[in-house]
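Trainee: One letter stands for each residue in the lines below.
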Amino acid sequence: MTDKNDNNGTSSVMQAADNSPLLQVSDLRTYFFTREGTVKAVDGVSFTVRKGEVRGIVGESGCGKSMTAMSILRLIDKPGRIVSGEVLFKGQNLRKMSRREMTAIRGKHISVIFQEPRSSLNPVFKVGNQLVEVLRIHKGGKRKAQREEAVELLREVGIPDPGRRISNYPHEMSGGMAQRVMIAMGMACAPDLLIADEPTTALDVTIQAQVLDLIRQLRDDHRMAVILITHDMGIVAEMADIVTVMYAGASVEEAETEALFENPLHPYTQGLIASIPVMGEVKERLDVIPGTVPDLIDMPPGCRFAPRCRARVEHGLTQCEIEEPHMIEAEPGHSVRCWLYEGEKTS
Amino acid sequence: MTDTENLLEVRGLKVYFDIKGGILKRTVGVVQAVDGIDLDIKHGEILGLVGESGCGKTTAGRAILRLLEPTAGVVRYNGQNIYEVRHAEMKPYRARMQIVFQDPYSSLDPRSKVGDIVGEGLRVHGVTDRNERQQRVLEALRMVGLQEHHMRRFPHEFSGGQRQRIGIARALVLNPKFIVCDEPVSALDVSIQSQVLNLLKDLQQSLNLTLLFIAHDMSVVEHLCNRVAVMYLGKIVEVAEREELFSNPQHPYTQALMSAIPVANPKIKKDRIILQGDPPSPLNPPPGCRFHTRCLEAVDICSQEEPELIDLGNNHLCACHLRQPDTVS
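Just so you know, the protein sequences line up as chains X and P, in that order. First residue of the first sequence: 1, per the numbering used here; consecutive thereafter. First residue of the second sequence: 1001, per the numbering used here; consecutive thereafter.
Please note that a few of the clues may not be correct.
[Unchecked claim] Covered by chain X, per the in silico footprint, the following chain P stretches (three or more residues, Cβ under 8 angstroms):
1) 1017-1031
2) 1184-1198
3) 1269-1283
[Unchecked claim] Below are the DSSO-like pairs computed for lysine-lysine, each with C-alpha atoms no more than 27 angstroms apart in a straight line:
4) Lys-1267/P - Lys-283/X
5) Lys-283/X - Lys-1270/P
6) Lys-126/X - Lys-1020/P
7) Lys-51/X - Lys-96/X
8) Lys-1025/P - Lys-283/X
9) Lys-283/X - Lys-1201/P
10) Lys-51/X - Lys-139/X
11) Lys-51/X - Lys-1269/P
Because the hints were derived from the structure by calculation, they are not lab data. Source: prediction; values computed, not measured. C-beta: ideal position from N, C-alpha, C; glycine also.
Kindly produce the complete structure, drawing on both the sequences and the hints.
Mentor: Following this line, the structure appears as structure tokens:
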């Protein structure tokens, strides 16, 4: 694995100063233009990822967290389109790159692992061949050496007996094994950034613990940055250094993990944290967030969370249903999109 | 039907599935999905049945309702072994024993209106009067927080949480005593999950229902259940009252399962027990204790002899060679 580490950084054309962010996403918007109307899947998301940092993106289904990841990698298909925003990776705007340049980035500098490991692998090829394909596209070299490297990669992600496993087809593996193979493929070129989109949602808890442990270990060993997309507040709490909470296409709160859980500012985050049953803290009733997530085609004007927001009623805020609040830094390093705090600052 | 102490008693329940293969469709293997479980479900309690995918919890739930015919074993409902009841005479039991399914998207007929979905059971069970049916459907819908106009809508017009409410109304309409809830919230978003959990808890209390709550999420189970049974690879490995189980888990598998759950509190840094490997296949379960291949404490006897579920005191049952009544502190 030594040659891989040497490769890391030196061969990279795109070098960035260590303290500047590795990835900078600003005001990203991805819309889908359907017959029924425009689906604003991602509608105003900004965040940065630094080297070696785990950025959690948390939200419920349909909040746009996966589409944010796909937009970063420019994997949006028609009728979808990235309509505005900037994605700077090591200072270069990924949105302005040619297809060819983008292909060179994907898998080599930024890789992604998806939720359903067995449906992300090609069922008709042996996992070894799929791994070798990644190495062939991005690294070249002799086939025999590639094969050896593939075995080595499988060993690194903790697959027992990798020499034999390399000849398995995806269906011969369990979900946890298949996800390890996906991670091995993602790690093949020692990327600077790994996007993990619900990497453990399809797995059992004991297997989830193994996979999360593996991601953490790889991050530590390679100083790789991770964007961890999940709906599970528990996973965020354990894995992330810094968290973005998304709701209905937009980021609503951003803070370091401890600050977010200790002092959630946005009413949605507060509701989310209060509504999950926590082991060891039995409550007679769980708090609920009333209502459901709004339709992404027919978004309420103003704040998207307003129709479900109790704080709005309690504080008698009228602005919420008229104008959308802005993301403001309510406390040092802790930003929130809510009139409750914006009003405070302006008045 | 006379009342017994336990509403349901499960004894030695086994459900095996044959795997057919080859041109002659001969049996090439047997999946031992549920392999001899004993379980008591008391009147008015919520019993949680937890385990990972493939451990047989759903199969057990279905066999308890006789939606599957077991390979062996007895399920007594109020003292009556339901497997001895002739099929034609099962109807009264079917009305009393209902199920709520996991996936609210695939478990509702997309071409039926909600009123018909919820009312179908009434029709089957001989409520011929249309007005009465409508009245009872309406009652059931109100109980789960839906309204009259929802009766005329189709399932696709509802969100996941609302669909699960329809599924619960469908189960409630026949005034059952016992409901198997098969992962009723695992397909729902967290903010919706808590709404449905609160609803189940309210209904259980107001209607004095007995629930078998099948789940893989330990924290949901802790929130809802009075007693919890843990399953691994077709066997029950531990049963105890909720407080007892969560404060004092005994079986190494239960301990690992609990420690594996991510806690939504960054300040708690747990010493995690990370199990190695995958659960073995139920096609070919290991001899002895089924958990010994992944157990961190396994000794020689574990791979040779199957441990029995014994009472460690306090009605805390555990199936482990290393946990005997005298060894528990």
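Trainee: Run every hint past the structure and note whether it holds.
Mentor: Hint check:
Residues of the segment 1017-1031 of chain P with a Cβ under 8 angstroms from some Cβ of chain X number 0, which does not satisfy the need for three, so the listed coverage is violated. Note: the segment 1184-1198 of chain P has 9 residues with beta-carbon separation from chain X under 8 angstroms; the three-residue rule is met and the coverage holds. With 7 residues having a Cβ less than 8 angstroms from any Cβ of chain X, the segment 1269-1283 of chain P passes the three-residue criterion, so the hint holds. Distance check on the hinted pair: Lys-1267/P and Lys-283/X sit about 20 angstroms apart at the alpha-carbon level, within 27 angstroms; holds.
For the proposed pair Lys-283/X and Lys-1270/P, the alpha carbon gap of about 22 angstroms is at most 27 angstroms, so the pair holds. A threshold of 27 angstroms between alpha carbons decides the hint, and for Lys-126/X with Lys-1020/P the separation of about 26 angstroms falls inside it, so the pair holds. The straight-line distance between the Cα atoms of Lys-51/X and Lys-96/X is roughly 23 angstroms, inside the 27 angstroms bound, and the hint therefore holds. Restraint check: the Cα-Cα separation between Lys-1025/P and Lys-283/X comes to about 53 angstroms, which exceeds 27 angstroms; the hinted pair is violated.
The straight-line distance between the Cα atoms of Lys-283/X and Lys-1201/P is roughly 12 angstroms, inside the 27 angstroms bound, and the hint therefore holds. For the proposed pair Lys-51/X and Lys-139/X, the alpha carbon gap of about 23 angstroms is at most 27 angstroms, so the pair holds. Between Lys-51/X and Lys-1269/P the alpha-carbon distance is near 23 angstroms, which keeps this suggested pair within the 27 angstroms criterion.
Comparing the model with each numbered hint stated earlier shows that hints 1 and 8 do not hold.
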